[in-house]
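The chain contents come next:
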Amino acid sequence: LDSTVRVIMRPDDANIVGNVHGGTILKMIEEARCIIGTRHCNTQTGDRCVAALARVERTDFLHPMFIGEVAHVSAEITYTSKHSVEVQVNVLSENIVTGAKKLTNKATLWYVPFSLQNVAKIVEVPPIEYSSPEQEEAGKKRYEAQKLERLETKERNGEIIMSVSLPEPYTVAFSQSSLIHLIGPSDCTLHGFVHGGVTMKLMDEVAGIVAARHCKTNIVTASVDAINFHRKIKKGCVITISGRMTFTSNKSMEIEVFVDADPLVEAEKGKYRAVTAFFTYISLDKDNKPHPVPPLKVSNAELVCSVI
Amino acid sequence: LDSTVRVIMRPDDANIVGNVHGGTILKMIEEARCIIGTRHCNTQTGDRCVAALARVERTDFLHPMFIGEVAHVSAEITYTSKHSVEVQVNVLSENIVTGAKKLTNKATLWYVPFSLQNVAKIVEVPPIEYSSPEQEEAGKKRYEAQKLERLETKERNGEIIMSVSLPEPYTVAFSQSSLIHLIGPSDCTLHGFVHGGVTMKLMDEVAGIVAARHCKTNIVTASVDAINFHRKIKKGCVITISGRMTFTSNKSMEIEVFVDADPLVEAEKGKYRAVTAFFTYISLDKDNKPHPVPPLKVSNAELVCSVI
Amino acid sequence: LDSTVRVIMRPDDANIVGNVHGGTILKMIEEARCIIGTRHCNTQTGDRCVAALARVERTDFLHPMFIGEVAHVSAEITYTSKHSVEVQVNVLSENIVTGAKKLTNKATLWYVPFSLQNVAKIVEVPPIEYSSPEQEEAGKKRYEAQKLERLETKERNGEIIMSVSLPEPYTVAFSQSSLIHLIGPSDCTLHGFVHGGVTMKLMDEVAGIVAARHCKTNIVTASVDAINFHRKIKKGCVITISGRMTFTSNKSMEIEVFVDADPLVEAEKGKYRAVTAFFTYISLDKDNKPHPVPPLKVSNAELVCSVI
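Residue numbers (the numbering used here), protein chains in the order written: chain A, 1 to 308; chain B, 1001 to 1308; chain C, 2001 to 2308.
Treat the hints with care, as some may be off.
Claimed, not checked - Below, in silico cross-link-like pairs of lysine-lysine (BS3-like), each with a Cα-Cα straight-line distance of 27 Å or less:
{"no.": "1", "chain 1": "B", "residue 1": "LYS1235", "chain 2": "A", "residue 2": "LYS289"}
{"no.": "2", "chain 1": "B", "residue 1": "LYS1235", "chain 2": "A", "residue 2": "LYS154"}
{"no.": "3", "chain 1": "B", "residue 1": "LYS1216", "chain 2": "B", "residue 2": "LYS1286"}
{"no.": "4", "chain 1": "C", "residue 1": "LYS2269", "chain 2": "C", "residue 2": "LYS2121"}
{"no.": "5", "chain 1": "C", "residue 1": "LYS2269", "chain 2": "C", "residue 2": "LYS2216"}
{"no.": "6", "chain 1": "B", "residue 1": "LYS1286", "chain 2": "A", "residue 2": "LYS289"}
Claimed, not checked - Far from chain B by the CB rule (all over 10 Å, computed), these chain A residues:
{"no.": "7", "residue": "HIS72"}
{"no.": "8", "residue": "SER74"}
{"no.": "9", "residue": "THR80"}
{"no.": "10", "residue": "LEU103"}
{"no.": "11", "residue": "GLU124"}
{"no.": "12", "residue": "GLU136"}
{"no.": "13", "residue": "GLY139"}
{"no.": "14", "residue": "LYS141"}
{"no.": "15", "residue": "GLU149"}
{"no.": "16", "residue": "ARG150"}
{"no.": "17", "residue": "GLU168"}
{"no.": "18", "residue": "ALA212"}
{"no.": "19", "residue": "PHE279"}
{"no.": "20", "residue": "PRO292"}
Please keep in mind that the hints were generated in silico from the structure rather than gathered at the bench.
Quick reminder that beta carbons are idealized off the backbone N, C-alpha and C, glycines included.
Work the whole structure out from these sequences, hints included.
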């Protein structure tokens, strides 16, 4: 069975000049890997399983890909250990009008299959056949090398996160959140300005995360105070949407959200505040009924700031 | 022609429990407003125009809306001044299986039409007819009130942004960026874990913004160093993807990206580092040719930090 | 309540030149059909039910639709048998700046309601009232005709397709294309089955690639012959959508498209053919005018194949 993922590149897959984002290509590589991997691990009798990504080896982007081209992403299993599988993926871009094809990427991915019955259980991998003992030997070396590197990175990063000092619960800093978003074609009108609806959706997303971080329950938008659109936002800007808790009552949370726009390429124009609003959220218990909200702890410094 | 926007709510429009996001509803409200508004302002002779959102009045979410329900979003123009238009929007949810219908929102939006020939030019609005002088008088009062409030908010927010101290150009702090994302149904496998491809796409997005902020040109992914997936990420987590410039050569930029997962509701599990990688980007000039990269300024404090 | 689906067309709904994809229009048609159909079948007491698409009659694309236009998709029930419902759908495009309106499509869809309590059980359809006995008689004839055709297509597609290999220009093998898609949560109804509209959109995408590969120009959907939905597709399947050129005239290309479903995890269930259709495309020159199509080269082997 073929497992080549094949997709036409759309405006949203690319930057303003038409180059497909590296991230879009990485996503397709993982999709092809997932199809071939899940198939292989379910060829044996026993537990049904899914294949979870463990590592992607270094990947080079050899040629740019453009909107309107077809991406062909093909995958092959090249090594199996008891619990790990190596998949090699090739990405080819095809200009369907001129017929030109180019190899844009070669990637190597490692994954581990987990049981569907018990997500904590790692499943044994059915072995593949190698064309020669040398091929198997080379695979084994790649396997040992990546295993070592994974362990090293894990330890290094385990340390780093321990040293991160977390703000005190229920303060403004504890739930404060922000999101950056690069304005793409689908976010805009034909004339290159962001739809107000796109901005409001992102503002609600940030406000919702602030609310959930504060009360650690399911939350729901209760109301939105006046939203003011001070200045228009153009295609290609990066916007930062920031939210912070400003007030809590027994039953609700008020969150201030503002949108700052940064014209990335025309940098001389400077960053500016484009939209501001206040959202009110309610906390819900498991039966979808309103639930008491922990009171907001406000420090003296923050009080001064909010008075200004 | 009617301007009711009508859509079936899908899993991606809602949270884990099935409640449609307030942001999704705000986006549909703005779409209905845009249709009726653009139509109205183009009924006269003269410049063709588009209608830009200026303000949304306070909006209450009266009832939750759920996946599978049909949203009916209808809009009506209720007041016009020389350059502004007021639109009232009602949102109704319909359960097409039981037939139950509920009013979920009432919103009031103000917009200003701009000429398509000259985006800086505000176009005159064709007046509407009122059913009574009282109706017009009430509209005028709402118009004056919102105008005043918009001015006040604009001034207050103009001040705030002036006081924000920006980091020095070309330092790590100058281009450092992060993004929060709430893991939704489409980001996940059937078994409720995030697709590796979704994470990698967001990592590339953050790395690209860091690169573009540093060099203020078009940029393109050149390569990705090994990506390690230390721990799985579950549906309902909030992930923070952070990127910072670690190295520049004449032609390229190296950006470290890490993904931290925060199990929002199961808060006792704590925040953990899930994925780490290094991305390399190249700066491009207007002809898509490689362009020199401004060198990274590293302060002593940051050097110490990166050694740790 | 009205069931008109109404949405503004965005960049991702269209090709590079701005023409909205036929597949996007088919998806909206199916959504309007789903709203009116589910409503109608739940007006009676008894089992709650959902309406599954069984067949779409031949559909012509009368005028192109463009980004920024508003699509109005309205549906009406025109015939009911004991277990089947016929819905007629009209699609209108509106340029909200110039006010121009055009009828772009007229479509006829057949669906069958299934019980929500027991997905294998087909529910009885509440009868509609006809304005005249002639109207009912005409509906009955259409019903018998489509039933016969559905049966024939189902049998024909039971056979396995042959694989072809030579890539000489203008042969079938030259433009033959396929696409693999893993069915995710957003592609499905609440009950875990793929929306007919999602399948049709992907079918149009593959047909478009086949057409563009053959004639190397911009292409546009002209019509879709009957689409038959033989079997439902479940969440978690991988579907392969394959297209091949079956006929060319001076001005148009006919492309056969079929959808095969592969239950990845429940592999013992085997792969099956789920949907089949024929799409007709037109080649366009740089001024968006029809352009001659290179004739299809058919080898003897392929002739035999298509006769079977």
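A quick look at each hint next to the structure:
1. B/LYS1235 <-> A/LYS289: With a Cα-Cα distance of about 22 Å, the restraint between B/LYS1235 and A/LYS289 holds, given a limit of 27 Å.
2. B/LYS1235 <-> A/LYS154: Judged against 27 Å, a Cα distance of about 22 Å means the pair holds.
3. B/LYS1216 <-> B/LYS1286: Holds: B/LYS1216 and B/LYS1286 sit about 12 Å apart, inside 27 Å.
4. C/LYS2269 <-> C/LYS2121: holds, 20 Å
5. C/LYS2269 <-> C/LYS2216: violated, 40 Å
6. B/LYS1286 <-> A/LYS289: violated, 56 Å
7. HIS72: holds, 16 Å
8. SER74: Its Cβ never comes within 10 Å of chain B, the nearest being 16 Å, so this holds.
9. THR80: Correct as stated: the minimum Cβ-Cβ distance to chain B is 18 Å, above 10 Å.
10. LEU103: Given that every Cβ of chain B is farther than 10 Å from that of A/LEU103, nearest at about 15 Å, it holds.
11. GLU124: Per Cβ check, A/GLU124 is outside 10 Å of chain B; nearest 19 Å; holds.
12. GLU136: holds, 23 Å
13. GLY139: Correct as stated: the minimum Cβ-Cβ distance to chain B is 17 Å, above 10 Å.
14. LYS141: Holds, because the least Cβ-Cβ distance between A/LYS141 and chain B comes to about 16 Å, which exceeds 10 Å.
15. GLU149: violated, 7 Å
16. ARG150: Non-interface label on A/ARG150 violated, nearest chain B Cβ at 6 Å vs cutoff 10 Å.
17. GLU168: holds, 14 Å
18. ALA212: violated, 5 Å
19. PHE279: Its Cβ does come within 10 Å of chain B, the nearest being 8 Å, so this is violated.
20. PRO292: holds, 16 Å
This entry does not satisfy hints 5, 6, 15, 16, 18, 19, going by the numbered hints stated previously.
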